[in-house]
Amino acid sequence: MSELAKKYDVIIIGGGPAGLSAGIYTARARLSTLLIERAAIGGQIINAGKVENYPGYADGVSGIDLTQAMHQQAEKFGVQTLYDEVIALEINGKDKIVKTPQGDFISKAVIIAGGAERQKLNVPGEAEFTGKGVSYCATCDGAFFRDKTVAVIGGGNAAVTEALELTKFATKVTLIHRRHELRAAKIMEEKLLADKKIEILWDTVVLEVLGDKLVKSIKLRNIVTNKESALDVSGVFVAVGSQPATGYLKGLVTLDAVGAVITNDRLETSVPGIFAAGDIRSGSIRQVVGAAGDGAMAAINVGKYVSG
Amino acid sequence: MSKPVEVNEAKFDEMVLKAKLPVMVDFWAPWCGPCRMVAPIVDELANEYEGKVSFMKLNVDDSPKVASKYGVMSIPALIIFKNGAPVSNIVGFRPKPELKKNIDTALGG
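Residue numbers (this note's numbering), protein chains in the order written: chain A, 1 to 308; chain B, 309 to 417.
Hints are computed from structural coordinates only; laboratory data are not their basis.
Glycine is no exception: its CB is placed at the ideal position from the N, C-alpha and C atoms.
Treat each hint with caution, since some may be false.
To be verified - Looking from chain B toward chain A, a few residues come up when the C-beta cut is under 10 angstroms (computed): (1) 339; (2) 343; (3) 344; (4) 349; (5) 351; (6) 375; (7) 379; (8) 381; (9) 383; (10) 385; (11) 390; (12) 394; (13) 399; (14) 401; (15) 402.
Only chain A is shown next, with the shape it has when bound in the complex (with noise of 0.2 angstroms):
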């Protein structure tokens, strides 16, 4: 990587949708900028088969092909690529300095957008049988439950899509949610309560996950009887929400109780000059056009504070 400078106007961390459209609109406004990402770029949505609801595309477009297009977008207005973890963030006088296993690059200004990660159930069994049954990843991991029982556990958008995903494959899908009632779109609740391969367990909470080589059963528990069941799967699908992955940025921007990070209406932290945007925000709507409608905010307000 040492074609790379090491000053820029611009540092985004993370390369998923916010991400990628702030690149867009820095790189068009002649910001240099380098977009760094610790792990692939197109952020969570990758793991989407297929996004119904971004707009401009009627039929659909998987979360790959989505964010690969953004992707080489950027690239084409001179965005520049580190693919890396983000240490830390530090301020000195005006300057940020940004901290990677590949040394330290500066800039005026900081878009973070690092979203959010999986959260897990943090159940006895999740840790030992991932990859084993246990999955986070429905599109991936679907095709290896082909006639077989599987178990999601959530009652967001996340899991419901999962739920459907999976009725592909096995014969009968257990959505298990804590609550009484899903969090997720209408459109595909009603896909959901249609399809006769889905049983929902509601008010119910995973205890345990259980098996010797593969995955056999999970351990429930209803909460508000407090009975204690178990069912026999093959496969248990965890989509029980997200964290907003800002480890590395604690004591030095303001973060809520949940650990997003707070900005005001120009998408600007409590530190000059470091914004954020797309589910790493506190107040995301976390869909990815409201990443994208971000990513754009915040880029237009950095070229205000870069030329200020």
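We have chain A already, so just place chain B on it with the hints.
Using the frame of chain A, we list chain B on its own:
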């Protein structure tokens, strides 16, 4: 330039289990988004470890028996084989430095 080679059920014994060099097999499928993100990293690793480790790709759709034999139920999965046996199993998308650490450990052990 060294590129990962396609391997399938029929050739698995000869190309992976009987190989002289350690082999990292990338278990993938066309419908798996994160698998498509792993591919360019495996390409880079193939270059960096040329002469030390062989890199192969196995489509689990075409070779389900191999996947099931090695307990692959989640992809992408990267399994390192040494002297005919799996010595390291990495499930899910991982950043390149972490993959390198796994390969180096497998080479050393």
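Hints versus structure:
1. Taking 10 angstroms as the C-beta contact cut-off toward chain A, the hint placing residue 339 of chain B at the interface holds, the least distance being around 7 angstroms.
2. Given hint, residue 343 of chain B at the interface with chain A, holds; its Cβ is 7 angstroms from that chain's nearest Cβ, closer than 10 angstroms.
3. The criterion of a C-beta within 10 angstroms of any C-beta in chain A is met by residue 344 of chain B, whose closest approach is roughly 6 angstroms, and the hint holds.
4. Against a cut-off of 10 angstroms between C-beta atoms, the interface hint on residue 349 of chain B holds, since the closest Cβ of chain A lies about 8 angstroms away.
5. Annotation: residue 351 of chain B was flagged as interfacial toward chain A, and the flag is violated, the nearest CB pair being 13 angstroms apart, outside 10 angstroms.
6. Interface hint status for residue 375 of chain B: upheld, as the beta-carbon distance to the closest one in chain A is roughly 8 angstroms, under 10 angstroms.
7. The beta carbon of residue 379 of chain B is positioned within 10 angstroms of a beta carbon in chain A (closest approach about 6 angstroms), and the interface hint is therefore held.
8. Here the hint on residue 381 of chain B is kept, as its CB sits about 4 angstroms from the closest CB of chain A, short of 10 angstroms.
9. At a threshold of 10 angstroms, the smallest CB-CB gap from residue 383 of chain B to chain A is about 5 angstroms, leaving the interface hint in force.
10. Residue-level restraint check for residue 385 of chain B holds (minimum Cβ-Cβ distance to chain A is 7 angstroms; threshold 10 angstroms).
11. Annotation: residue 390 of chain B was flagged as interfacial toward chain A, and the flag is violated, the nearest CB pair being 20 angstroms apart, outside 10 angstroms.
12. The interface hint given for residue 394 of chain B is broken, as the beta carbon of that residue sits about 13 angstroms from the closest beta carbon of chain A, more than 10 angstroms.
13. Because the beta carbon of residue 399 of chain B sits about 3 angstroms from the nearest beta carbon in chain A, less than 10 angstroms, this interface hint is met.
14. Residue-level restraint check for residue 401 of chain B holds (minimum Cβ-Cβ distance to chain A is 6 angstroms; threshold 10 angstroms).
15. This hint holds: residue 402 of chain B has a C-beta 7 angstroms from the nearest C-beta of chain A, less than the 10 angstroms allowed.
The earlier numbered hints that this structure contradicts are 5, 11 and 12.
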